[in-house]
Amino acid sequence: TQLLEQSPQFLSIQEGENLTVYCNSSSVFSSLQWYRQEPGEGPVLLVTVVTGGEVKKLKRLTFQFGDARKDSSLHITAAQPGDTGLYLCAGPLASNYQLIWGAGTKLIIKP
Amino acid sequence: DAGVIQSPRHEVTEMGQEVTLRCKPISGHNSLFWYRQTMMRGLELLIYFNNNVPIDDSGMPEDRFSAKMPNASFSTLKIQPSEPRDSAVYFCASSLRDNTEAFFGQGTRLTVV
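Chains G and W are the protein sequences, given in the same order.
Using this note's numbering, you'd call the opening residue of the first sequence number 1 and step up by one each time.
Using this note's numbering, you'd call the opening residue of the second sequence number 112 and step up by one each time.
Please keep in mind that the hints were generated in silico from the structure rather than gathered at the bench.
Ideal Cβ placement from N, Cα and C applies to all residues, glycine included.
It is possible that part of the hints are untrue.
What the hints assert, rightly or not - Which stretches of chain W does chain G cover? Using the computed rule of at least three CB atoms under 8 Å from a CB of chain G, they are:
1. 153 to 163
2. 212 to 224
What the hints assert, rightly or not - A few chain W residues that don't get close to chain G, going by computed Cβ distances all over 10 Å:
3. V115
4. P119
5. T124
6. S138
7. T187
8. R196
Claimed, not checked - If you want the ones that stay clear, here's a sample from chain G, every Cβ over 10 Å from chain W, calculated:
9. S7
10. I13
11. T20
12. Y22
13. V44
14. T48
15. K57
16. T62
17. G66
18. H75
19. Q80
20. I108
So that you can see chain G by itself, here it is in the shape it has in the complex (with noise of 0.2 Å):
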């Protein structure tokens, strides 16, 4: 079992539309992370949610934690191909350093 769930795993998309993907958990985080990962490449870290219910924006993209620090969501506005790749949440166990992390949403954006 995921302690953090991403939703959904696989979405395919055409160029210009919007989208929002989910990360759930049951256990309170302490701090959010998302990262992007291109084909060939490491997890690029996007942004980090520590306050619940914060709301932080990336260009097209806007980042919300829950209030009750328990899950985050990404919308991408009219998306890109440009933002074709694998997004995974992660957050840090209470108890030290380590990062917990989703399974993933992968991206597809047609043009």
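Given the structure of chain G, go ahead and fit chain W onto it with the hints provided.
Just chain W now, with coordinates in the frame of chain G:
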């Protein structure tokens, strides 16, 4: 900074051979992580070092896997003997001790035939 550097990028080896993967973390980062990524299991933490000391190796699948960090700028992951089921992409990542944001290398794609 050049980021986390891994070598080789690709490795193809025959079953039973020894494989050594190398990692140079970002200068000043005190934590180093080795991960394995496969389609079936996603990203799995193998071992975690802090200040060159292994803190948690519970993710190391078997005794065939071993990892060392002789100094702050170098780590190795060794598989001996290798098996086809070890085929995966192996990532090294580093982070500051009190900051869990991880910076990944480009990975080593290992194929054991």
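**Item:** Unsatisfied constraints (hint numbers, rising)
**Value:** 3, 13, 14
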